[in-house]
Amino acid sequence: MALKYELKQKEVWDGNMAAAHALRQAQVDVVAAYPITPSTPIVQNYAQFLADGYVDGEFVMVESEHSAMSACVGAAAAGGRVATATSSQGYALMVEVLYQASGMRLPIVMTVVNRALASPLNIHGDHSDLYLGRDAGWIHLIANNPQEAYDMTLCAFKIGEDERVRLPVTTNQDGFLVSHTAQVVKPLDDDTAYKFIGEYKPKYPMLDTKNPVTYGAQTEEEWHFEHKANQHKALMDSPAVIKEVFDEFEKVSGRKYNLVETYKLDDADVALVLMGSAYETAMLAVDKAREEGIKVGLLMPRVFRPFPYNEVAQKLKNVKAIAALDRSMPMGTTGALYNEVAGALAANGQSAIMTNYIYGLGGRDTTVEHILEVIRETEKNAKAGKRVTDLQGFINLRGPKLSFN
Amino acid sequence: MKKIGSLKEFACTPDRFQGGHRLCPGCAHSMIVREVVNATDDDLVISTATGCLEVCSAIYPYTSWDVSWIHVGFENAAATISGAEAMYKALSRKNKLYNEDRRVKFVAFGGDGGTYDIGFQSLSGAAERGHDFLYVCLDNENYANTGGQRSSATPLGAHTSTTPRGRVSYGKKQKKKDLTMIMAAHGCPYVATAIPSTKHWKDLATKAAKAISTVGPTFINALSPCTTEWKFKPEETTEIADLAVETCAFPLYEIEDGHKLKITYRPKVKLPIEDYLSRQGRFSHLFKPENKWIIEEWQKQVDEYWDYLQRREEAGV
Ligand SMILES: Cc1ncc(C[n+]2csc(CCOP(=O)(O)OP(=O)(O)O)c2C)c(N)n1
Ligand code: SF4
Ligand SMILES: [Mg+2]
Chain A
1 MALKYELKQK
11 EVWDGNMAAA
21 HALRQAQVDV
31 VAAYPITPST
41 PIVQNYAQFL
51 ADGYVDGEFV
61 MVESEHSAMS
71 ACVGAAAAGG
81 RVATATSSQG
91 YALMVEVLYQ
101 ASGMRLPIVM
111 TVVNRALASP
121 LNIHGDHSDL
131 YLGRDAGWIH
141 LIANNPQEAY
151 DMTLCAFKIG
161 EDERVRLPVT
171 TNQDGFLVSH
181 TAQVVKPLDD
191 DTAYKFIGEY
201 KPKYPMLDTK
211 NPVTYGAQTE
221 EEWHFEHKAN
231 QHKALMDSPA
241 VIKEVFDEFE
251 KVSGRKYNLV
261 ETYKLDDADV
271 ALVLMGSAYE
281 TAMLAVDKAR
291 EEGIKVGLLM
301 PRVFRPFPYN
311 EVAQKLKNVK
321 AIAALDRSMP
331 MGTTGALYNE
341 VAGALAANGQ
351 SAIMTNYIYG
361 LGGRDTTVEH
371 ILEVIRETEK
381 NAKAGKRVTD
391 LQGFINLRGP
401 KLSFN
Chain B
406 MKKIGSLKEF
416 ACTPDRFQGG
426 HRLCPGCAHS
436 MIVREVVNAT
446 DDDLVISTAT
456 GCLEVCSAIY
466 PYTSWDVSWI
476 HVGFENAAAT
486 ISGAEAMYKA
496 LSRKNKLYNE
506 DRRVKFVAFG
516 GDGGTYDIGF
526 QSLSGAAERG
536 HDFLYVCLDN
546 ENYANTGGQR
556 SSATPLGAHT
566 STTPRGRVSY
576 GKKQKKKDLT
586 MIMAAHGCPY
596 VATAIPSTKH
606 WKDLATKAAK
616 AISTVGPTFI
626 NALSPCTTEW
636 KFKPEETTEI
646 ADLAVETCAF
656 PLYEIEDGHK
666 LKITYRPKVK
676 LPIEDYLSRQ
686 GRFSHLFKPE
696 NKWIIEEWQK
706 QVDEYWDYLQ
716 RREEAGV
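These protein sequence lines are chains A and B, in that order. If you read the first sequence in our numbering, its first letter stands for residue 1, the second for the next number, and so on. If you read the second sequence in our numbering, its first letter stands for residue 406, the second for the next number, and so on.
Extracted from the complex, chain B is given alone in its bound form (with noise of 0.2 Å):
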């Protein structure tokens, strides 16, 4: 495993995601893909899902990619990455290796509409298998990619392009997918959820370097404040994570083996869930007096799950 030390070493690794693509000035994708590839010095081949990230980093005759890199499509990042993984395996059997001194590591990269809808059944069925890769879902919460589109990871009362607000609606009405817990569920060695911050690098740095560097399916779900869709100022991204973890609508843990909880930041007061969904566009309508219930009702889900999550910490199961 990597040891990640300072901010100023890190900083020095040679990007193997380089500057110059096309993502929102302030988009928080390609923070954490630079954390998550700079979390090892293994060499990597990754698959990626379409969404953002994709479009925006290999625009043909340019890629923003210095590491061996491949998109096939929008559902199948992790059943790409399972074949490219057991090519690995059965070219060291066979010894016929491309570089017998180098280590080969696998990571994946989808956004929400890729690993908790579209790209869901192929996740589960890599990580059932065991194929020893890193899958890293970039959670924005929406299908940004093509026009800020609902998914299941979209949280309650949010507006998007298909739940809008209106005269009779305060936008999307279903909670958020818990799939950090269904990962777990699946009995992967390693899952923790992370976001892109100035606060907090070195927890995701840790994290994907953890995963990275445990044999098996590993998943991490970094929260990845967007932008556009969310409606913040470019320069707020990490202000807004921070605010994510700060409320505990996006609690930072792991989880080993399966069912070994940590909480790996504790916010020394909790600030109420205003003061995150406030700050973003796309909740501006649950201000409204009518709307005072939906707040209500995220505040007491956001309390209930940082109470299970303590006492499952707690418990040590």
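Okay, chain A solo, but in the shape it has when bound (with noise of 0.2 Å):
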């Protein structure tokens, strides 16, 4: 048996360390994971609790991301709790089998630690990996600070291994700006995080020798649609398991979450949609707006995939004008959320004016008043009923002015 860990009421924790002890409070059986900055912390906090007796499952240092996220399924098909951390290079090293993790329906949770794709290669953070993997067929839910890190990775496996979804599923967190920014955490004690999570309910285990399955099949065109349709079916009525154990989570903890986060949108004509550290700027930004008489409010999907189309759109009913900010290049088109957001403003009958702005690229610097300079922009379509301002634009880019349009 594992050791329990005495916590304190409140920790003083960064975004690894937080992802860290959701990890061991949740007993996971295999941890197979490969060391890459800024989530290498991820694994070598595990390690330490495991060299202190508080983790009795396998820790396996494999010899790549690809063999990681691999051993992953392995143990995952065998029938127990999975985990496993990453970054960038590593996220990319993934992606083969981040595919064939969720099409073979595994729920295996993955703490994510945001951070740019090389080339040039960059540390930083950004969301271009969370991007990379947007299509995967994995569940991406959205910590913006360390407790949410934390929050976010305990209701990971309740959710993903839930009999209705059984799916991977990612936690995000932006690098250093949450993973090595230490701030108060309040955790749960290991026997509530334990209760909460429950006991991992296995469906078809390899392991279970008595009754043999076979995984990873081949199948042609006369069988590969209906299962990637069913695959997407499950994704797309996840949303209510979500919820759930959102509901069930605030009633341990006391902290509420939802598929489509806002602050202060009811009254506001005005928009910002982003997700991860930034949002927390913008808060700030907002209330700095409002003083000067901006009607503006903010919004995060919580839940990147599957998108909360009709919520988002639901949310933004009311405002005239949308910037959705991209932290990732999106390489000749607009970006990611922008692209969401119009869609779910357009599956919905609805026209806000909606621009688009890049920031933050390999862990640039993007303040309040960068983001104030955004709403301003914002609030001009907002009063000329018609975009005035670029379509797309560059937050704290150096050099000559970048836009498109």
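Since the hints were derived computationally from the structure, they do not count as laboratory data. It is possible that part of the hints are untrue.
To be verified - With a straight-line Cα cutoff of 20 Å, these simulated EDC-like cross-link-like pairs (lysine to aspartate or glutamate) come out:
#1 A:K203 - B:E505
#2 B:K499 - A:D191
#3 B:K408 - B:D420
#4 A:K210 - B:D471
#5 B:K494 - A:D56
#6 A:K210 - B:D446
As the list claims (entries may be wrong) - Here are some chain A residues pointing at chain B (derived, C-beta under 10 Å):
#7 D29
#8 F59
#9 H66
#10 A68
#11 M69
#12 G80
#13 A101
#14 P202
#15 L207
#16 T214
To be verified - Computed footprint of chain A on chain B, listed as stretches where at least three residues anywhere in the stretch have a Cβ under 8 Å from a Cβ of chain A:
#17 445-456
#18 493-499
C-beta atoms are modelled at their ideal positions from N, C-alpha and C, and glycine is treated no differently.
Can you join these two chains into the complex? Each is in its own frame, and there are hints to help.
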């Protein structure tokens, strides 16, 4: 039996420590992982928990992220709770196997610390890795600070392992800005956390050798489509379970999470849509803008996949102008968040004026002042009743002004 | 360790790898796999790399596998099985095993592409970590599933679809990588070579039984003559495999603890390499006068290697 960890009511943890404690409390059976900045401390912290007797599962330090995710798939199909952690290049190396994990409906939890993708090499935070895994069939949860990194990781197990879902889940926190920033975190005690997640409920475990199963079969044109459609349906239906889990989590923690989070949006004419640590910066900007008399609010999909498009549209029903902020270079089009929000509005017959901003690449600072400027520009659109600013702008980019229309 | 008795007894073991699969008639993969999975009475969890075996044995909604089986990708059969094995260890430590009364063994199958080439890192990693599993390479010396391209297991002079013979080419320019020795160098407690054969069926079955019952990472490199890409008649598969052994092109041996080498079959009269090469279409161009030197080179390499094996066995190193 693993030892209990005596936690204080308030701990000072960075996002990596928070995620590592959540993995420990989940009593994961197999963690297979490989180090990469900025998520390395998650596996190091976990290794220390193991060395000190706080973990009684297996910890497999593999020789690459490709093998990390492959071992996770083997372990999850064998029949038990499985988790890993990665960032950036490691995430990219895993991509092939991410699709295999979700295609086999294996509820693996991956704590991702978001980081830029090379080239040029950059170890700092942006959402390039998250966007790379967008269509891989995983549920993607967003955490904006260490507390949320902890909370989302606990929720991730309960969501992914639910009989009605059975899908892998990532939790995402910004490299350094969350992963290496120590803040006060209020953890659950070990027993409460484990009880909240619950015992792992096996489904078709390979290790039940009296009932052999075949995983990863070949399907060609006569079955592949049906399998993929089923998988998609599981994702599309998962919000019901996600909401349930968030509600239950509120009961044990007092902290309430939603598919879509908002800030001062109710009476807003102008809205910014963004995810990650910049959301908290934007909150400060909103407060300032409101002092200037701009009725502005924020929206963040807590769940990036499945994308809560109807909830997003519903919450943005009354705004006149929206700026979607993407922390990844869309390379040849508008940003993914912009596209998602535009699609959500179109699907619901709404026609707020939309613009797109790219920000924070490779850890580039995005300050309250920068966001305030975006709010002012967006308000111009709201007032004009049509788009008078650039379709796509770049926040805090050096050199001559860049924009696209 | 399962005792391998008579062929009749062995052949009557209930099949864990069943017929109805879509491997070519005369494919050696199925012969090797059947022998391996029947060489233990313990339960099995198997992972298989992408390749002929995988695409032919689990076509939804059918499966040939009467054991727990998983295919993930081309390059990760070893990593996958290492995860399953880790789960077994974790659940036994936590007293959460599904069937307390059953012992489970772990086996991975990969083709030479999935083993010598793209899956080599994953195999090396899993071996170094010391997982308790057997890895069997089904070595047909080419990427058969995708139309017979070269691999690092393809031998010198062989025609493949990416090393074609042509007006100015004699086929593959490099010799075969010595993967068995590389796996021995990992310090694996047991590695061996084997072939599918009527004459040597017991050699393979015994090696598989030994490997499966050995604790730690074990490796069997099984030559798997491929009727389609090597170009011989489907009914000649075991004959070709036997010729590989009788000419010492593919000697049968085993290595314990990374160094104790034992030759498990010694041909009475070592046949000339032509007897092996001439039976396969992939080498037919080597018999043109201008390519005579390649056959001589082949013979030289075979002789040197056979000599090397015998000296190592004698020296006990
Ligand atoms: C990452 C990746 N690259 C390439 C392929 C295409 N591919 C599938 S099987 C195969 C060759 C298999 O050769 P081998 O491992 O020798 O097995 P065989 O079919 O010869 O038994 C290739 C190239 C793939 N499936 N995945
Ligand atoms: S191509 Fe070769 S390896 Fe593949 S099924 Fe046919 S005989 Fe077997
Ligand atoms: Mg092959």
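**Asked** Do the numbers back the hint for A:L207, that is, is its least Cβ distance to chain B under 10 Å?
**Response** With a minimum Cβ separation of about 5 Å from chain B (threshold 10 Å), the hint on A:L207 holds.
**Status of the hint placing A:F59 at chain B (closest C-beta pair under 10 Å)** = holds (9 Å)
**Message:** Run the distance test for A:K210 versus B:D446: straight-line Cα separation, threshold 20 Å.
**Reply:** holds (13 Å)
**Request:** For the pair supplied as a hint, A:K210 and B:D471, confirm whether the alpha-carbon distance does not exceed 20 Å.
**Result:** holds (10 Å)
**Prompt:** Hint check: is the beta carbon of A:G80 less than 10 Å from a beta carbon of chain B?
**Reply:** holds (5 Å)
**Request:** State whether the coverage of the segment 445-456 of chain B by chain A holds or is violated, taking the criterion as 3 or more residues with Cβ-Cβ distances under 8 Å.
**Result:** holds (count 4)
**Message:** Three residues or more, CB to CB closer than 8 Å: is that satisfied between the segment 493-499 of chain B and chain A?
**Reply:** Contact hint for the segment 493-499 of chain B vs chain A: holds, 6 residues under 8 Å.
**Asked** Taking only the CA atoms, is the gap from B:K494 to A:D56 under or equal to 20 Å?
**Response** It holds: about 10 Å lies between the C-alpha atoms, which stays within 20 Å.
**Prompt:** Does A:D191 lie within 20 Å of B:K499 when you go C-alpha to C-alpha?
**Reply:** holds (17 Å)
**Message:** A closest beta-carbon separation below 10 Å is what the hint needs, so does A:H66 meet it against chain B?
**Reply:** Interface hint status for A:H66: holds (6 Å vs cutoff 10 Å).
**Request:** Classify the hint on A:M69 as holds or violated, based on whether any CB of chain B lies nearer than 10 Å to its CB.
**Result:** holds (8 Å)
**Asked** Taking the least C-beta to C-beta distance, is A:D29 closer than 10 Å to chain B?
**Response** With a minimum Cβ separation of about 4 Å from chain B (threshold 10 Å), the hint on A:D29 holds.
Checked against the numbered hints above, the structure breaks none of them.
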